[in-house]
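With the hints as your guide, set chain W onto chain B.
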Amino acid sequence: MDTGIASKSVGTVTPQTASFAEPLSLRSGAVMDAYDLVYETYGKLNAERSNAVLVCHALNASHHVAGQYAGVPGSTGWWDNMIGPGKPLDTDRFFVIGVNNLGGCHGSTGPASVNPKTGRPWGADFPVVTVEDWVATQARLADRLGISRFAAVMGGSLGAMQALAWTYLHPERVRHALVIACAPNLSAQNIAFNEVARQAIVTDPDFLGGHYYERDTRPTRGLRVARMIGHITYLSDDEMASKFGRQLKNGKLNYTFEPEFEIESYLRHQGGKFSEYFDANTYLRITKALDYFDPARDHGGSLAKALAPAKANFLVVSFTTDWRFSPQRSREIVKALLDNRCGVSYAEINAPHGHDAFLLDDSRYHGLVTAYFERIYRENAR
Amino acid sequence: MSPNGNGFKRADFDAIAASIRPGARVLDLGCGDGVLLKYLKGARGVTGYGVEIDDAGVLGCVTNGVDVIQSDLERGLSDFESGSFDYVVLSQTLQAMMDGERIINDMLRVAREGIVTFPNFGYWMNRLQVLGGRMPVSDNLPFEWHNTPNVHLCTITDFEVFCARHGVKILERKVLTGGRAVTVLPNLLGSLAVYRFQRA
Chain B
1 MDTGIASKSV GTVTPQTASF AEPLSLRSGA VMDAYDLVYE TYGKLNAERS NAVLVCHALN
61 ASHHVAGQYA GVPGSTGWWD NMIGPGKPLD TDRFFVIGVN NLGGCHGSTG PASVNPKTGR
121 PWGADFPVVT VEDWVATQAR LADRLGISRF AAVMGGSLGA MQALAWTYLH PERVRHALVI
181 ACAPNLSAQN IAFNEVARQA IVTDPDFLGG HYYERDTRPT RGLRVARMIG HITYLSDDEM
241 ASKFGRQLKN GKLNYTFEPE FEIESYLRHQ GGKFSEYFDA NTYLRITKAL DYFDPARDHG
301 GSLAKALAPA KANFLVVSFT TDWRFSPQRS REIVKALLDN RCGVSYAEIN APHGHDAFLL
361 DDSRYHGLVT AYFERIYREN AR
Chain W
383 MSPNGNGFKR ADFDAIAASI RPGARVLDLG CGDGVLLKYL KGARGVTGYG VEIDDAGVLG
443 CVTNGVDVIQ SDLERGLSDF ESGSFDYVVL SQTLQAMMDG ERIINDMLRV AREGIVTFPN
503 FGYWMNRLQV LGGRMPVSDN LPFEWHNTPN VHLCTITDFE VFCARHGVKI LERKVLTGGR
563 AVTVLPNLLG SLAVYRFQRA
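Chains as they are written, first to last, in the numbering used here: chain B, 1 to 382; chain W, 383 to 582.
Read the hints as simulated data drawn from the structure, not as lab findings. Warning: the hint list may mix true and false statements.
Stated by the list, open to error - Partial selection, computed: residues in chain W whose CB lies under 8 angstroms from chain B:
#, residue
1, Ile-402
2, Asp-437
3, Leu-441
4, Asp-449
5, Asp-461
6, Glu-463
Unchecked claim - Residues of chain W clear of chain B, computed beta-carbon distances all greater than 12 angstroms:
#, residue
7, Ala-399
8, Ala-400
9, Val-417
10, Arg-426
11, Ser-460
12, Gln-511
13, Pro-531
14, Ala-563
Backbone N, C-alpha and C define an ideal beta-carbon position, used for all residues, glycine too.
This is chain B alone, in the form it adopts within the complex (with noise of 0.2 angstroms):
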């Protein structure tokens, strides 16, 4: 979601590319033999190298988490209005770093690139990666920046899910975890959804059974539809009522199959412009990722044994009107940090957006974030 050039930015950023020739072994089962990693960073890392902290990114999003290119009008960071000098995750304060996961479509190695061993783009041979092979290779990229331990791992949706995920996977690495719009795992009904939207765009003939790159061509209508199916989870009833109501496009009914009502055209308008920019094997990919990540289920089913291991303090914080990742799954979370007495502190924002709410600019949700990277500030002046 675009929201704007604020006041005060980091400014114009250059990525930066990080490669790794270490064979790298998958949740899976597959080995990445070598690969590519897309990086930010904004802000200077201290002398102790202690103020660093890790924006992991949600479904579209990417390393540009902050700041613009260089003329490339409208190229404003994802997470532009909590990132910067003088901002809730404040960059004058903390050195962030924003990665492009394994994966992805946005320079990190994925389905796009180039497969060493066939000289053609993986395409359909890419693997199958998790949140916990993304923690893997962001770990390397933190050993790579001299990283041992983050003053914060921080993400919504699922950029929370590696967050939390870094906390029992790496308890030594983290000094604080903020976990934003998460769930422990999907429910039936949220891989219902992601099921819906990888049939769309298998279905696309165009889809080629994912080796398109090749016959250039992309599956663009399955991905517009996806990026519909998305759209309305991330959404509250309440917001779509209040952004568009019944209201029509041209003032009255034509009788067709055009679109009508502005929720209709608003959705059009979405699913096309992502449709041009996001790549459909990396949109499987990362919808199969959601549906695995449950960490209870190596531990018999107890989150609370699944999290064990953590050493973090945590701020947990869920928004009302999120059915996609409800309070209640946050909630969950919390009852397990606090049956393995972490330090956490959990928020419930009353805000209408829905599951959108964690990118928004809501005061009394930055106005929680400030604070917490406040503290966590002062603790680290200590």
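Only chain W this time, still in chain B's reference frame:
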């Protein structure tokens, strides 16, 4: 929730702190901006969490470095495991709860001991105002009848009768007026009551 309006006074803090073992695990219900827990952390080295429903209170807790769970106490304490705390504190909040019996029972499930503080409705100044035909308004009861969150005001005697009838054993009682301990005729001369109790 801050049903006594003025928040805490230092004397109340001291009275609660003196009842709490150093290093204990404490759950503070209706913790407001977390000042009591912050004080207890400093004065008694306790660890624990606050529970607060109000946004401003939650923000205050985070600002004060106190861990807080935003939750409605009326929903009960199901987020907390049985026996997971040494003390549960319910300060100046019992009188604003819809179901006082349920919260006391829940407190004694979650912790071995409970601590409650509440404004004593039997305090002579309150009685005097009722006698004069008006609902009491005071430092401890700063609200008018029509906007008070206090739905279950009680006297010291009422609370002790409640405990006797509900299998709650009182371990300690402190009665304060203006921050000073009251020993004579507490139900008449005390404005604030502090009780520590356990399951009988």
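Quick rundown of the hints versus the structure:
1. Violation of the interface hint for W/Ile-402 is found here, the shortest Cβ-Cβ separation to chain B being roughly 18 angstroms, above the 8 angstroms cut-off.
2. Interface restraint check for W/Asp-437: the shortest CB-CB distance to chain B comes to about 5 angstroms, inside 8 angstroms, so the restraint holds.
3. Using the Cβ-Cβ criterion of 8 angstroms, the hint placing W/Leu-441 at the interface with chain B is satisfied: the shortest such distance is roughly 6 angstroms.
4. Below 8 angstroms, beta-carbon pairs count as interface contacts, and W/Asp-449 has one with chain B at about 5 angstroms; its hint therefore holds.
5. The beta carbon of W/Asp-461 is positioned within 8 angstroms of a beta carbon in chain B (closest approach about 5 angstroms), and the interface hint is therefore held.
6. Taken as an interface hint, W/Glu-463 checks out: its beta carbon lies about 6 angstroms from the nearest beta carbon of chain B, inside 8 angstroms.
7. Remark: the non-interface label on W/Ala-399 is consistent with the geometry, its nearest Cβ contact in chain B lying 21 angstroms away (cut-off 12 angstroms).
8. The claim that W/Ala-400 lies off the interface holds: its Cβ sits roughly 25 angstroms from the closest Cβ of chain B, which is beyond the 12 angstroms cut-off.
9. In this structure W/Val-417 is separated from chain B by more than 12 angstroms, as the shortest Cβ-Cβ distance comes to about 15 angstroms.
10. At roughly 18 angstroms, the least C-beta separation between W/Arg-426 and chain B is larger than 12 angstroms, which holds for a residue marked as non-interface.
11. Its beta-carbon lying about 8 angstroms from the closest one in chain B, W/Ser-460 breaks the requirement of being farther than 12 angstroms from that chain.
12. Separation of W/Gln-511 from chain B is adequate, the least Cβ-Cβ distance of about 37 angstroms exceeding the 12 angstroms criterion.
13. Once the 12 angstroms rule is applied to beta carbons, W/Pro-531 is consistent with being away from chain B; the minimum gap is 19 angstroms.
14. A cut-off of 12 angstroms between C-beta atoms confirms that W/Ala-563 is not in contact with chain B; the least separation is 35 angstroms.
The structure is inconsistent with the numbered hints 1 and 11, although it conforms to all the rest.
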